[in-house]
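Chemist: Here is what each chain is made of, one letter per residue.
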Amino acid sequence: MKKQVDAITKQVIADSLEAICREMSRVVERTSVHPLFQELHDYSTGIFYFDGTEVHLVARATALPAHIFGSLLAVRALVEEFAGDINDGDMFLLNDPYYGGSHQADFTMMRAVSLDDRSMIFPSVRAHMSDFGGVVPGGYNPDARDIWQEGYRIPPVRLHEAGELRSDVWNLVLANSRLGDTFEGDMLAIVGGCNVGAREVGRLIEKYEPQGVANGITYILNYAAERFRAEVSRWPDGVYTGERFLDHDSAGNRDLKVAAAVTVDGDRLSIDLSGSSPQSPGYISSVPGTTISNAMLSVCVVLPDDIPPNSGALSQIEVIAPEGSVVNPLAPAPVMFSTTAIGYEVADAVMKAFEGIAPERVGEPGLGFCLCTTFGKDARFDDDLYFTLDFGSSLVSAGGAYGTDGWGAWPASVSALVLANVEMQELQYPLTFDIYEYADNACGAGRWRGVPGFFMQRSVGGQHPAYVNLTEEGDRHPMPGYVGGHAGASSYAILRPGTDRAERITESVAEAELMPGESLLTFKGGGGGWGSPLEREPALVRDDVLDGYVSVEIARDVYGVVLIADSDGKLEVDGQGTEALRSA
Amino acid sequence: MRSDLPYFKNALYTSLLDAHRHLYKVLQSHGLGDRTHLSVDVVNKEGRVEVSSVATELSNARAVVASIQNAVPPLEPGDVVVTNDPYSGSQHLQDHWIVAPVAKGTAAGGYISVHAHLADVGGRNLGNLYPGARDIWQEGVRTTPVRLFRKGELDRDVLELIKLNSRMPLVMENDLREMATTASELASQVGASDPSLLADLRSQSKGVFARPFDGAEGRTTTKRGTIHSCQGSDATVVLETRVENGALVVDLTGSSDQAEPGFFNSTIANTQSFLADVLANRLSGVFSSDVLEALDVRAAEASVLNCSFPLPVGWSPYGPRKVVTSLFQSALRELGIGEDYQVFESDWRPPVHIEGCRETECPF
Numbered sequence: 001m002k003k004q005v006d007a008i009t010k011q012v013i014a015d016s017l018e019a020i021c022r023e024m025s026r027v028v029e030r031t032s033v034h035p036l037f038q039e040l041h042d043y044s045t046g047i048f049y050f051d052g053t054e055v056h057l058v059a060r061a062t063a064l065p066a067h068i069f070g071s072l073l074a075v076r077a078l079v080e081e082f083a084g085d086i087n088d089g090d091m092f093l094l095n096d097p098y099y100g101g102s103h104q105a106d107f108t109m110m111r112a113v114s115l116d117d118r119s120m121i122f123p124s125v126r127a128h129m130s131d132f133g134g135v136v137p138g139g140y141n142p143d144a145r146d147i148w149q150e151g152y153r154i155p156p157v158r159l160h161e162a163g164e165l166r167s168d169v170w171n172l173v174l175a176n177s178r179l180g181d182t183f184e185g186d187m188l189a190i191v192g193g194c195n196v197g198a199r200e201v202g203r204l205i206e207k208y209e210p211q212g213v214a215n216g217i218t219y220i221l222n223y224a225a226e227r228f229r230a231e232v233s234r235w236p237d238g239v240y241t242g243e244r245f246l247d248h249d250s251a252g253n254r255d256l257k258v259a260a261a262v263t264v265d266g267d268r269l270s271i272d273l274s275g276s277s278p279q280s281p282g283y284i285s286s287v288p289g290t291t292i293s294n295a296m297l298s299v300c301v302v303l304p305d306d307i308p309p310n311s312g313a314l315s316q317i318e319v320i321a322p323e324g325s326v327v328n329p330l331a332p333a334p335v336m337f338s339t340t341a342i343g344y345e346v347a348d349a350v351m352k353a354f355e356g357i358a359p360e361r362v363g364e365p366g367l368g369f370c371l372c373t374t375f376g377k378d379a380r381f382d383d384d385l386y387f388t389l390d391f392g393s394s395l396v397s398a399g400g401a402y403g404t405d406g407w408g409a410w411p412a413s414v415s416a417l418v419l420a421n422v423e424m425q426e427l428q429y430p431l432t433f434d435i436y437e438y439a440d441n442a443c444g445a446g447r448w449r450g451v452p453g454f455f456m457q458r459s460v461g462g463q464h465p466a467y468v469n470l471t472e473e474g475d476r477h478p479m480p481g482y483v484g485g486h487a488g489a490s491s492y493a494i495l496r497p498g499t500d501r502a503e504r505i506t507e508s509v510a511e512a513e514l515m516p517g518e519s520l521l522t523f524k525g526g527g528g529g530w531g532s533p534l535e536r537e538p539a540l541v542r543d544d545v546l547d548g549y550v551s552v553e554i555a556r557d558v559y560g561v562v563l564i565a566d567s568d569g570k571l572e573v574d575g576q577g578t579e580a581l582r583s584a
Numbered sequence: 001m002r003s004d005l006p007y008f009k010n011a012l013y014t015s016l017l018d019a020h021r022h023l024y025k026v027l028q029s030h031g032l033g034d035r036t037h038l039s040v041d042v043v044n045k046e047g048r049v050e051v052s053s054v055a056t057e058l059s060n061a062r063a064v065v066a067s068i069q070n071a072v073p074p075l076e077p078g079d080v081v082v083t084n085d086p087y088s089g090s091q092h093l094q095d096h097w098i099v100a101p102v103a104k105g106t107a108a109g110g111y112i113s114v115h116a117h118l119a120d121v122g123g124r125n126l127g128n129l130y131p132g133a134r135d136i137w138q139e140g141v142r143t144t145p146v147r148l149f150r151k152g153e154l155d156r157d158v159l160e161l162i163k164l165n166s167r168m169p170l171v172m173e174n175d176l177r178e179m180a181t182t183a184s185e186l187a188s189q190v191g192a193s194d195p196s197l198l199a200d201l202r203s204q205s206k207g208v209f210a211r212p213f214d215g216a217e218g219r220t221t222t223k224r225g226t227i228h229s230c231q232g233s234d235a236t237v238v239l240e241t242r243v244e245n246g247a248l249v250v251d252l253t254g255s256s257d258q259a260e261p262g263f264f265n266s267t268i269a270n271t272q273s274f275l276a277d278v279l280a281n282r283l284s285g286v287f288s289s290d291v292l293e294a295l296d297v298r299a300a301e302a303s304v305l306n307c308s309f310p311l312p313v314g315w316s317p318y319g320p321r322k323v324v325t326s327l328f329q330s331a332l333r334e335l336g337i338g339e340d341y342q343v344f345e346s347d348w349r350p351p352v353h354i355e356g357c358r359e360t361e362c363p364f
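Heads up: the protein sequence lines correspond to chains V and B, in order.
Note that the working numbering has the first sequence beginning at 1, numbered continuously upward.
Note that the working numbering has the second sequence beginning at 1, numbered continuously upward.
No wet-lab data here; the hints were simulated from the structure.
Please note that the accuracy of each hint is not assured.
Unchecked claim - Here are the simulated lysine to aspartate or glutamate pairs, EDC-like style, with alpha carbons at most 20 Å apart:
#1 B:Lys223 x B:Asp340
#2 B:Lys25 x B:Asp194
#3 V:Lys377 x V:Glu513
#4 B:Lys163 x B:Glu153
#5 V:Lys377 x B:Asp135
#6 B:Lys104 x B:Asp194
#7 V:Lys257 x V:Asp272
#8 B:Lys45 x B:Glu260
#9 V:Lys377 x V:Asp181
#10 B:Lys163 x V:Glu81
#11 B:Lys151 x V:Glu161
#12 V:Lys377 x B:Glu153
#13 B:Lys151 x V:Asp85
#14 V:Lys377 x B:Asp340
#15 B:Lys223 x B:Glu244
#16 V:Lys377 x V:Glu426
#17 B:Lys9 x B:Glu260
#18 B:Lys163 x V:Asp146
#19 B:Lys163 x V:Glu80
#20 V:Lys207 x V:Glu18
#21 B:Lys151 x V:Glu164
#22 B:Lys206 x B:Glu334
#23 B:Lys223 x B:Asp257
Stated by the list, open to error - Facing chain V, from chain B, some residues (calculated, C-beta under 8 Å):
#24 Asn70
#25 Ala71
#26 Leu75
#27 Asp85
#28 Gly122
#29 Asp135
#30 Gln138
#31 Thr144
#32 Pro145
#33 Val146
#34 Arg147
#35 Lys151
#36 Asp157
#37 Glu160
Just so it is clear, CB atoms sit at the ideal spot from N, CA and C, and this is done for glycine as well.
Could you put together the complete structure from these sequences and hints?
Modeler: Right, here's the structure in full:
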């Protein structure tokens, strides 16, 4: 006889699964090693449920959308590859984009917990690993023209059999990273996270019995599905379109388009990306895991906050991504940069379409990612190799949203990340930060403005050269504004600024050598604005001028706000002048 | 291959040659055209190479088996291990070694190892030769010793892992399966063989290497050569050969430091194999560890002929091998050790396109 579980207990079970994810997160972030993982938190945890037919995302904690929604495809790939041969205590690993991964940097580990003879639960961790072989440390290779030039590919492989480590397979994976001990520490952190998840899921099963847990899962999936359908049914039926362009693919191709057609039909929602550009030779084409994740990202931003972002809701959305396009490339296209570019362009295009559906919910979901990775030898640590993925070159990007200016941090897509502070980075790497600050006059204007652009200048210390892989996006297509808001400023970088070897980069450079004392300057254009700048509160414009974000001239010419100095020399809004200018 | 040697009459050796010829015919990757890209060996449980079908990889076979003994749980009948890792004994990443245990018979407790140069293992360039490589990962994927079969059952996920990292996955699968089948069959065959076969080979081998250098006692000769580098300075090879207390000492300590970038670095196992190849053929000996034991090779650590992990080594079996073997041939000829022999291999080299070489006519 099936165990009956009341509604409150079902919710308790669902919340317990969320709590388990959070515990998994604490384990991995406290035991991981590389700063990218340990400090920046570039990882996600989740719990997946295989009901014997389909895989569902049930719960997640620390979660980057590009990770967690895509992980669903990874667990699905695992179940397909090992059909009928998955046992309690087995641990699996994969990173391959064409097996449900996103890019090879993202390793997904999944541990099987048997629920009954048909269904299983998979506590899972996906984390961005520091190095996994390939042509350049860290894997971001702007010159890559196939996926093997990016790094080690791992299809679903069994790392543990019924809890016992396959040491030869483990060593094989470790052998394909340049950062031996660091990499192993990070792998062990992921294993620990999955093991803790499995232990706690086991306790939950013990307490509520398998059928009780299954009922709890079904309950939360159904609840999310019903809430989702109810919300969508309130939206006006129709086909809404949006598009967004990526500057380039690092292989000489420019203005790559992502076109989204969002169809609302009663309580059904579909997203068709069929008008997007053909796949490109450069490392930007986005596999389904990335494409779907970024499309879902925008949907989640638009939905009410209290709808659980699980498979109950997400399975209601149909995403169409034609094969052979930048949003669903055929193997062996390189994809390393695609989690952000062209991934965020997918999110942007979908969000643009939502302008016609829920304008007060839209805003910039992406990052307009400008990539900077650096590697070299650190004389302070026996000439050990170091590698850093420098998010300072992508700070900060949040656009304005209804009711709020772009905030001084990252947007929704990466809001789970924690910015590593400059002092720690200077300790960890032989690099010194000379400039790390907002730029003047670089906000996307709007009723609510975007965050200002950001300068980073960083020089090489120590005794060895540093090698920089750099891909700049957002020179030709900066961060967009929404609902009449203006775009942010264009991004660029300069190698060796202020010297006779200065080189301005608006696209890509691979393994640029910077000698000790030489520096790199990046300028990241800020987020776009929301709404017309002529509707911005004049007092807020004045504050922006006083903060140095905009000039008096921009206040007048873009915002239509006239500022005058009072008798003490303080700037005040000229109300009449402003009204006259705005109504002209 | 020569057929006028007494050990050609040994049934065990004949089995190895049959396996070698079979693989030469069926391996789809094996398009590189000479004997050095393939070997079949019997290795005993202590890691001693009892006999090989060729002499080009003797030290590598020994190193591969030692790595497997260290890295993989004890092998059981039906297990098959694969590796291509130069820092686990392989000459370069293209060379895949398949090792199967021998359960009984003349080589009981030992192993059959088979190696062949396979098509592609990812990395920057198709074929895995990249002159600008600074480390091994730029050349391709390392497959450290891992079981491909356990108790006769294929570990499909391991095979998929290897295939996925090759631009020619179907060729890779075909060849690994052929090599595994050959090694397993040979292991069974050797397991059922007459226990005296190996003893006969050992006896012949010991005879050849009893005191082969007596006539050159106290003599020394030094040869110099150059390994071309497209990306930096050429590497110098200084090969001093002397007979000291009946032992043949090859001193390479005057050679250049290891190079970075430089895909022409060699591991010490490679260097030992190059030298052993020459000595074994000049003495017409059994291709076994006896050749290695007759050599006292000295090379400074972190030098071009004894490079450190994780430097690239992709070109090692070509340019460096050619320089080392020709210098050693010349040295042994001068010392009157052994006889010149005909090498039945082409002078063909794989196509390596190198942009920006400082020489207008790049020797590559």
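Chemist: If a hint holds in the structure, say so; if it doesn't, say that too.
Modeler: Hints, verified against the model:
no.	hint	verdict
1	B:Lys223 x B:Asp340	17 Å, holds
2	B:Lys25 x B:Asp194	28 Å, violated
3	V:Lys377 x V:Glu513	12 Å, holds
4	B:Lys163 x B:Glu153	18 Å, holds
5	V:Lys377 x B:Asp135	13 Å, holds
6	B:Lys104 x B:Asp194	10 Å, holds
7	V:Lys257 x V:Asp272	14 Å, holds
8	B:Lys45 x B:Glu260	37 Å, violated
9	V:Lys377 x V:Asp181	16 Å, holds
10	B:Lys163 x V:Glu81	15 Å, holds
11	B:Lys151 x V:Glu161	16 Å, holds
12	V:Lys377 x B:Glu153	44 Å, violated
13	B:Lys151 x V:Asp85	17 Å, holds
14	V:Lys377 x B:Asp340	47 Å, violated
15	B:Lys223 x B:Glu244	18 Å, holds
16	V:Lys377 x V:Glu426	14 Å, holds
17	B:Lys9 x B:Glu260	47 Å, violated
18	B:Lys163 x V:Asp146	15 Å, holds
19	B:Lys163 x V:Glu80	18 Å, holds
20	V:Lys207 x V:Glu18	16 Å, holds
21	B:Lys151 x V:Glu164	17 Å, holds
22	B:Lys206 x B:Glu334	24 Å, violated
23	B:Lys223 x B:Asp257	17 Å, holds
24	Asn70	10 Å, violated
25	Ala71	6 Å, holds
26	Leu75	11 Å, violated
27	Asp85	7 Å, holds
28	Gly122	4 Å, holds
29	Asp135	7 Å, holds
30	Gln138	5 Å, holds
31	Thr144	4 Å, holds
32	Pro145	6 Å, holds
33	Val146	4 Å, holds
34	Arg147	6 Å, holds
35	Lys151	13 Å, violated
36	Asp157	4 Å, holds
37	Glu160	5 Å, holds
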